[in-house]
Structures are given as structure tokens and as C-alpha cells.
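If you want the building blocks of each chain, they are given just below.
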Amino acid sequence: MADLKRKLLSGNEAIALGALHSGCALGVGYPGTPSTEILEVFSVLGGNAEWAPNEKVAAEVALGVAFAESNSLVTMKHVGLNVSQDLFFTASYSGVQGAMVAVVADDPGMASSQNEQDTRSLAHAGGLPVLEPSDSQEAYDFVKLAFKLSHRWQIPFIIRTTTRIAHSNTIVEYCEDKIEPLPAADFNKDISHRVMVPGFAKPAHLRLRQKLAEMRAWNNKEGPNKIIESKSRDLAVIADGVAFQHALEAAPEAGFFKVGMSHPLPVESIADFAKNYKRVVVVEEGDPYMTTLLKAAGINVEDRAEKWRFGELNVDAVKAQIEGNLDFAQPVLKAKPPQLCKGCPHVFSFAPLVELGCIVAGDIGCYTLAAMKPISGMDMQICMGASIGMGLGLRKVLPEEKARKVVSVIGDSTFMHSGLTGLLEMVYNPPATGHIVVVVDNSTTAMTGQQENPGTGRKLDHSPTNAVSIERVAEAIGIQNVKVFNPVREGAQIKEFISEKMKTNELTLVVLRQTCILAAAQLAKRKA
Amino acid sequence: MEDKITNIRIAGLGGMGVLKASLVLSELLFECGYDVKKAEVHGMSQRGGSISSDVRFGKKVVSPMIPEKCVNYLLSLEPEWSDVHKVSLAENAVVISPADFDVSKLKSQKAVNVAALGVLSNYLDIPAEKWLEVLKKFFPEKLHKANEEAFLLGRSSKK
Ligand SMILES: Cc1ncc(C[n+]2csc(CCOP(=O)(O)OP(=O)(O)O)c2C)c(N)n1
Ligand code: SF4
Numbered sequence: 001m002a003d004l005k006r007k008l009l010s011g012n013e014a015i016a017l018g019a020l021h022s023g024c025a026l027g028v029g030y031p032g033t034p035s036t037e038i039l040e041v042f043s044v045l046g047g048n049a050e051w052a053p054n055e056k057v058a059a060e061v062a063l064g065v066a067f068a069e070s071n072s073l074v075t076m077k078h079v080g081l082n083v084s085q086d087l088f089f090t091a092s093y094s095g096v097q098g099a100m101v102a103v104v105a106d107d108p109g110m111a112s113s114q115n116e117q118d119t120r121s122l123a124h125a126g127g128l129p130v131l132e133p134s135d136s137q138e139a140y141d142f143v144k145l146a147f148k149l150s151h152r153w154q155i156p157f158i159i160r161t162t163t164r165i166a167h168s169n170t171i172v173e174y175c176e177d178k179i180e181p182l183p184a185a186d187f188n189k190d191i192s193h194r195v196m197v198p199g200f201a202k203p204a205h206l207r208l209r210q211k212l213a214e215m216r217a218w219n220n221k222e223g224p225n226k227i228i229e230s231k232s233r234d235l236a237v238i239a240d241g242v243a244f245q246h247a248l249e250a251a252p253e254a255g256f257f258k259v260g261m262s263h264p265l266p267v268e269s270i271a272d273f274a275k276n277y278k279r280v281v282v283v284e285e286g287d288p289y290m291t292t293l294l295k296a297a298g299i300n301v302e303d304r305a306e307k308w309r310f311g312e313l314n315v316d317a318v319k320a321q322i323e324g325n326l327d328f329a330q331p332v333l334k335a336k337p338p339q340l341c342k343g344c345p346h347v348f349s350f351a352p353l354v355e356l357g358c359i360v361a362g363d364i365g366c367y368t369l370a371a372m373k374p375i376s377g378m379d380m381q382i383c384m385g386a387s388i389g390m391g392l393g394l395r396k397v398l399p400e401e402k403a404r405k406v407v408s409v410i411g412d413s414t415f416m417h418s419g420l421t422g423l424l425e426m427v428y429n430p431p432a433t434g435h436i437v438v439v440v441d442n443s444t445t446a447m448t449g450q451q452e453n454p455g456t457g458r459k460l461d462h463s464p465t466n467a468v469s470i471e472r473v474a475e476a477i478g479i480q481n482v483k484v485f486n487p488v489r490e491g492a493q494i495k496e497f498i499s500e501k502m503k504t505n506e507l508t509l510v511v512l513r514q515t516c517i518l519a520a521a522q523l524a525k526r527k528a
Numbered sequence: 001m002e003d004k005i006t007n008i009r010i011a012g013l014g015g016m017g018v019l020k021a022s023l024v025l026s027e028l029l030f031e032c033g034y035d036v037k038k039a040e041v042h043g044m045s046q047r048g049g050s051i052s053s054d055v056r057f058g059k060k061v062v063s064p065m066i067p068e069k070c071v072n073y074l075l076s077l078e079p080e081w082s083d084v085h086k087v088s089l090a091e092n093a094v095v096i097s098p099a100d101f102d103v104s105k106l107k108s109q110k111a112v113n114v115a116a117l118g119v120l121s122n123y124l125d126i127p128a129e130k131w132l133e134v135l136k137k138f139f140p141e142k143l144h145k146a147n148e149e150a151f152l153l154g155r156s157s158k159k
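Taken in order, these protein sequences are the chains called A and B. Heads up, the first sequence is in the numbering used here, so the first residue is 1 and it goes up one at a time. Heads up, the second sequence is in the numbering used here, so the first residue is 1 and it goes up one at a time.
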């Protein structure tokens with residue numbers, strides 16, 4: 001073969017390369033472990049990549065690109081699919097004219113997430129097809145395949161990765177002479193396919209189910225699945241994603257059905273394979289997604305004990321599952337928890353709040369670590385943007401003395417992601433005691449590795465762009481008191497200001513602005 | 001090439017260069033013709049928490065994660081926290097730590113990871129020049145000399 005290249009790549013790097021080689025006109029997403037590096041690498045490789053304010057906007061932009069007969073990639077972590085679900089669950093009806101590929105990275109074991117939801121279950125509910133690579137080679141191959149299939153069936157495709165795909169490096173071989181050109185974008189009027197009012201959505205839903213049936217037939221016949229027969233007919237394993245690799249090492253003598261496309265599941269060919277084996281075990285990380293579907297189809301797969309739903313699998317865990325050893329326990333290693341960096345501005349931002357005895361409705365970012373000892377300065381955190389709404393809810397029912405202590409704390413990237421609608425609620429339905437929002441603005445998306453956001457004035461590749469001003473947005477929305485402080489230098493003034501506003505019934509937004517230490521260092525490096 | 005898989009775990013705290021060391025090591029093994037898989041968890045590591053990376057190599061590696069009791073070499077860069085991985089060692093495993101070389105001779109504490117790779121190099125059948133060549137790829141030029149010294153300091157430690 002001409003020009004065969006071999007590289008050791010992470011799953012995320014392989015995905016970026018695959019997108020580049022698929023004629024992807026735009027990569028768009030919102031950072032989130034373990035998906036973040038995809039767009040950063042795509043940009044470095046010469047792809048056109050952007051951070052959107054949040055995953056829903058990212059998916060909207062990606063859909064627009066695909067409506068214009070071009071190719072788009074949208075990336076997010078698993079919970080980003082919740083934020084963008086509204087778009088996806090109807091884009092499956094409308095379909096696309098170009099191609100749209102969404103990479104959604106799950107985090108079984110929650111190395112860096114607030115839950116361990118399973119993208120396969122959501123995709124199944126929304127009628128979205130799913131490919132699942134089991135190493136970097138497949139990450140590369142499946143992205144290319146996903147662009148082709150998305151175009152062929154005119155439907156957005158999801159690639160589900162997990163931490164051990166995204167952040168593992170394995171060898172990838174590829175040919176540089178097989179690079180697709182960027183498609184020529186165009187728009188052809190077709191109202192009934194893109195305006196999802198009931199009259200058009202009803203036939204669109206029928207079309208979706210028809211497509212899913214066709215894709216299932218294709219997946220059964222020639223999908224990206226693999227069968228490894230075993231001489232002994234004692235044990236068969238059905239596995240997807242990295243779970244396949246663990247299982248292959250754990251039970252090399254078994255027969256294998258490796259599922260590469262898990263929705264629509266190739267039920268008929270699995271049934272055909274499974275019928276020859278005495279025991280059929282499904283090995284999958286997360287929900288019993290395949291187990292449930294295969295059992296419902298009357299296939300002789302074993303029940304999966306609830307134990308295997310939690311956390312990550314590995315070779316030892318899969319051995320235990322196959323042996324039915326429910327006493328199995330991973331060694332729990334003493335680990336040093338992550339901490340805020342020395343001199344981090346968030347440490348200074350929380351000091352006045354702790355001193356004032358605030359009830360802190362918090363949010364997600366580096367500053368969530370302020371919930372831990374020794375600061376213990378955050379009282380709740382659920383999902384991005386929730387700090388403002390939760391704080392308002394608390395204020396609305398708590399007795400006055402306590403209600404006055406409630407403060408919502410949110411980071412700058414999180415504010416841009418999903419804080420604005422909370423502010424609208426604050427102005428529209430103000431609590432009797434007013435409310436106080438504190439934006440801890442370190443001028444970066446620090447938690448995931450210092451990405452830019454709409455407030456930083458720089459795009460994904462750090463080139464200059466418009467900067468959205470948090471204080472001016474707050475004023476425009478109608479917050480009465482808006483004030484900016486430097487948390488490192490103005491602790492006493494911050495405390496005094498907040499304590500004063502806590503006594504009033506007014507609406508207040510405080511911006512505590514000081515650049516993250518690591519972001520500042522990077523900024524200096526880029527300048528040099 | 002033997003069928004046997006060799007398993008190396010590098011462990012320490014975020015910011016110590018655990019991930020960099022495992023990147024260098026895996027690329028080196030890849031360039032030497034082995035099948036290699038490297039697995040790690042990162043995301044919150046810049047805040048000084050525990051961190052580890054698995055590198056597996058041989059003729060054919062399957063799972064990217066090292067099974068229990070199969071770690072052949074443990075590079076324990078911060079023994080107070082990373083020695084906990086000793087529960088995962090295979091029989092006759094080798095533990096490498098900063099105690100294996102004279103840390104005071106390092107120009108920068110940041111090079112502990114490279115010095116530990118130097119110690120490891122005594123156990124793997126790969127010439128020093130190849131190690132140094134790959135090391136250079138991952139660091140800016142101004143660090144090449146300091147890294148070479150750190151690597152050789154580790155390499156000259158007693159085996
Ligand atoms: C829907 C969703 N997308 C992405 C993430 C990952 N994530 C959590 S917080 C965060 C941004 C943090 O930035 P910021 O609010 O500025 O706080 P900082 O880390 O800078 O302190 C990201 C990307 C998530 N938890 N949920
Ligand atoms: S990365 Fe930045 S925001 Fe996060 S803890 Fe360190 S200094 Fe603070």
C-alpha cells in the first residue's frame with residue numbers, strides 16, 4: 001500500500017486524525033474530560049475547530065453545517081449529551097444532508113465526572129446510531145466510517161468512547177493517500193425535511209424507524225463487528241468498546257462476538273453466533289444495555305449481576321464476572337485527592353464567603369474543590385449552571401435569616417455555558433430577600449486544562465476574538481448591583497460588600513476576577 | 001521477540017511528569033518495534049493528586065490496563081503516595097524510586113522522572129542513544145542537556 005503510516009496515538013488523537021481525513025469542515029464542542037483533546041488536536045493538525053459556549057450550541061452549529069451538505073464533528077463528555085439532547089432527539093428525525101458525527105466520551109468509574117451515565121442508553125432512546133471503538137486504530141477507522149454512514153443514511157452518528165479509549169495510546173496505521181476533500185457546501189430548499197412541526201415530524205419519525213431498521217439489517221450483514229470462534233463451545237463473550245480488550249485477555253479461549261456498532265444492535269447475527277455456545281456472557285461497561293436487548297430478543301445470555309454496572313472494568317473484573325465471583329473487590333489504593341494549586345485565586349474568593357457563614361449553592365470547575373477540607377466552602381453541586389437556580393430555590397423557601405445567607409457561586413466558563421438563563425430567572429422571579437451571585441472569574445476553563453471561552457477574548461487556537469463581558473451582560477439583564485473585585489487583593493472589600501448586600505432585598509452579581517495561575521503561565525509562554 | 005508482556009507502571013503526583021515519562025517510554029518502545037499500549041486517567045491532575053500511568057509492551061498487547069499482581073517495574077516517583085502500587089507487583093518485580101540516584105545532583109527537581117527512566121533503562125534491552133533520541137523529541141531544546149544528565153545519572157545508578 002502506498003504511504004502507510006504507523007503512529008502511537010491516543011484515542012482522542014486518532015479521532016482528530018480520522019476527522020481530518022474525512023473532509024470534516026468544522027469541529028465544534030465544549031471541553032469535558034475525557035473528550036477535550038480531540039478538538040485541540042484537530043486544530044493543531046490544521047482542522048477548523050471551535051469551542052462553543054455549551055454542548056447544545058455546539059450541536060446546533062454542527063447540524064447547521066450538515067444541513068448545508070458539509071461535514072461536521074461535535075465533541076463532548078457524556079453529560080454534554082444531556083445538555084444537547086433536545087437537538088439530537090429531533091435531528092434524528094430531520095436527518096442531515098452532509099454528515100454529522102458526535103463523539104461522546106463516557107467516564108465509567110467517574111475519574112472526573114459527576115455521574116457515570118451510559119451514552120448507549122441515551123442514543124437508543126433518541127434513535128441515534130452508535131459506533132464503539134475498542135482501541136485507537138478503531139477510533140480512527142470508526143470516525144471515518146461514521147462520516148460515510150452518516151452521509152449514507154442521512155442521520156447524525158454517535159461515537160461512544162470511554163476514558164480508556166480516549167486516554168489510552170495504541171498503534172494506528174493509516175494511509176495518507178485516502179484523504180477525503182472538504183465537500184462543497186450548498187443549500188437546497190426542503191422544508192418538510194427540516195421544519196419539524198407535527199405535520200412534518202410524523203412522517204420524519206416513520207423515516208427514522210425505517211432507517212434504523214435498514215441500519216440494523218446492514219449491521220447484521222456487514223457491520224463493523226467481529227466474530228472469533230472458539231473450538232471449545234463452552235463459553236462465548238459478547239463485548240463492546242474497551243471491555244472487549246479486557247475480556248479477550250481474561251478469557252482467550254472463549255468465542256467472541258465483538259460489537260463495533262452497538263445501536264442498532266446486530267441482534268440476529270449475535271443470536272446466530274450465540275446458539276452454538278453453552279454459556280453466553282455479555283461484558284459491557286455501564287448499563288446492562290446489550291444484556292437487556294439480547295434477553296428481550298430471547299437470546300440465551302446470562303443475567304448480569306448488578307455489581308458490574310459500577311465503575312470501570314479491567315481484566316481481573318471480567319475474570320470475576322465470568323467466574324460469577326461476586327466477592328471480587330479491586331484493591332482500594334490510598335490516593336492523594338486533587339487540591340487547588342498553591343496561590344489559586346479561588347482560595348481567596350471563598351475566604352469571605354466562609355467567614356460570612358454563607359450557604360453556597362455551587363457549580364462545577366476547579367472551584368468545586370473548595371467544597372473539600374480545609375475550605376469546606378460549597379454546600380451543593382449537581383451539574384453545570386445549577387448554582388443560580390438552586391440558590392434561588394433555597395432563597396424562596398428558607399426562613400428569612402437563612403435565606404439571606406444563600407449565595408450562588410459559578411465559574412466564568414460555567415457562567416457562559418449555562419448561567420445566563422439562571423440570571424433571567426433571578427430577575428424575572430426575584431426571591432423576597434433578593435439574591436447574590438458570585439462569578440469566580442479566572443478568565444479560563446481551568447478544570448479541563450485551561451481552554452478559552454466566550455469571555456476570554458480568544459478562540460480555541462488562542463487567536464483574538466470578541467470578548468463577552470460578564471458584568472455588562474448582568475447589567476443588561478437587569479441585576480441591580482454589579483461589581484468587579486480582585487479576590488487576591490480585595491478580600492476585605494469583598495466581604496464588606498457582600499455582607500452589606502445580604503441585608504438588602506436587592507439582586508447582586510459580584511465578579512471576582514483574577515487569572516488562573518496555570519493559564520497565566522501559558523499566556524506568558526505564548527507571548528514569549 | 002518473546003510472547004511475554006512486560007508491564008511498567010509510573011506513579012506519582014500530578015505535576016511531577018508521570019504522564020510525560022510514560023509518553024516518552026511508550027514512544028520509545030513503539031519505535032523499537034514492540035506492540036505498546038499505554039493507559040492512564042487524567043483530567044484533574046494539575047491539582048497535585050495521585051496519578052499513575054500503565055505502559056505494556058511485547059509482541060501483542062491486548063488490554064491497555066495492567067492486571068493485578070502483574071506490574072514488573074514500578075517507577076514510584078513520590079514514594080510516600082506512589083508506593084501503594086506495590087500491592088500490584090508481580091513476583092521479582094523491580095521498584096525504582098528517587099532513592100536510587102543522588103537527587104541532589106539533579107539541576108532541577110523536575111527531572112526526577114527522566115532520571116527514573118535512566119534507572120529503568122538498565123533493565124530494558126535498548127541502547128542509551130535511542131533513549132536520548134526519543135527523549136529529545138518530547139522536550140524543548142533548552143532542556144536537552146539537563147535531561148541527558150538526569151538520564152545518565154539514573155542509568156549509572158547501581159542495578
Ligand atoms: C455538561 C458538562 N460539560 C462539561 C463538563 C466538564 N466541565 C465541568 S466544569 C467545566 C468548566 C469549568 O470552567 P470554569 O467554570 O471557568 O471554572 P474553572 O475550572 O476555571 O475554575 C467543564 C468543562 C461538565 N461537567 N458538564
Ligand atoms: S488550575 Fe488554575 S483555577 Fe485550577 S486550581 Fe490551579 S490555579 Fe486554580
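If you are wondering where the hints come from, they were derived from the structure by calculation, not from laboratory data. Since this is a predicted model, take the numbers as computed values, not measurements. Virtual Cβ for every residue (Gly too), placed ideally from N, Cα, C. Just so you know, not all the hints are guaranteed correct.
What the hints assert, rightly or not - Anything over 12 Å on all C-beta distances counts as not near chain B; from chain A, calculated:
(1) Leu20
(2) Pro34
(3) Asn48
(4) Asp107
(5) Ile179
(6) Ala204
(7) Gln210
(8) Asp234
(9) Glu249
(10) Ala271
(11) Thr292
(12) Leu369
(13) Leu392
(14) Leu420
(15) Val488
As the list claims (entries may be wrong) - Listed next, the in silico DSSO-like pairs over lysine-lysine satisfying Cα-Cα at most 27 Å (straight line):
(16) Lys136/B - Lys7/A
(17) Lys7/A - Lys105/B
(18) Lys110/B - Lys231/A
(19) Lys69/B - Lys5/A
(20) Lys142/B - Lys527/A
(21) Lys525/A - Lys69/B
(22) Lys59/B - Lys342/A
(23) Lys342/A - Lys136/B
(24) Lys525/A - Lys136/B
(25) Lys525/A - Lys145/B
(26) Lys334/A - Lys69/B
(27) Lys7/A - Lys107/B
(28) Lys145/B - Lys231/A
(29) Lys5/A - Lys136/B
(30) Lys319/A - Lys59/B
(31) Lys231/A - Lys136/B
(32) Lys142/B - Lys319/A
(33) Lys137/B - Lys5/A
Distance restraint between Lys334/A and Lys69/B, which requires alpha-carbon spacing of 27 Å or less: Answer holds: Lys334/A to Lys69/B is near 17 Å, not above 27 Å.
Is it the case that Leu392/A keeps its Cβ farther than 12 Å from each residue Cβ in chain B? Fine: 29 Å to the nearest Cβ keeps Leu392/A off the interface.
Against the 27 Å threshold, does the CA-CA distance of Lys137/B and Lys5/A hold or violate the hint? holds (18 Å)
With 12 Å as the threshold, tell me whether Leu369/A passes as away from chain B on beta-carbon distances. violated (7 Å)
Quick one: work out the minimum CB distance from Asp234/A to chain B and report holds if it exceeds 12 Å, violated otherwise. holds (20 Å)
Below or equal to 27 Å on CA atoms is what counts here, so check Lys7/A against Lys107/B. The given pair, whose Cα atoms are some 33 Å apart, is violated under the 27 Å limit.
Classify the label on Leu420/A as holds or violated, using whether its beta-carbon is more than 12 Å from each beta-carbon of chain B. Fine: 26 Å to the nearest Cβ keeps Leu420/A off the interface.
Quickly compare the C-alpha distance for Lys7/A and Lys105/B to 27 Å and report which way the hint goes. It is violated: about 35 Å lies between the C-alpha atoms, which goes past 27 Å.
Would the least Cβ to Cβ distance between Thr292/A and chain B come out above 12 Å? Correct as stated: the minimum Cβ-Cβ distance to chain B is 25 Å, above 12 Å.
Pairwise hint evaluation, Lys69/B against Lys525/A, where the allowed Cα distance is 27 Å at most: Violated - the C-alpha atoms of Lys69/B and Lys525/A are around 42 Å apart, more than 27 Å.
Given the hinted pair Lys231/A and Lys136/B, is their Cα-Cα distance within 27 Å? violated (49 Å)
Given hint Lys319/A paired with Lys142/B - CA-CA distance at most 27 Å: Distance of about 48 Å is beyond 27 Å: violated.
Of the numbered hints listed earlier, those contradicted by the structure are 2, 4, 9, 12, 17, 18, 19, 21, 22, 23, 27, 28, 31 and 32.
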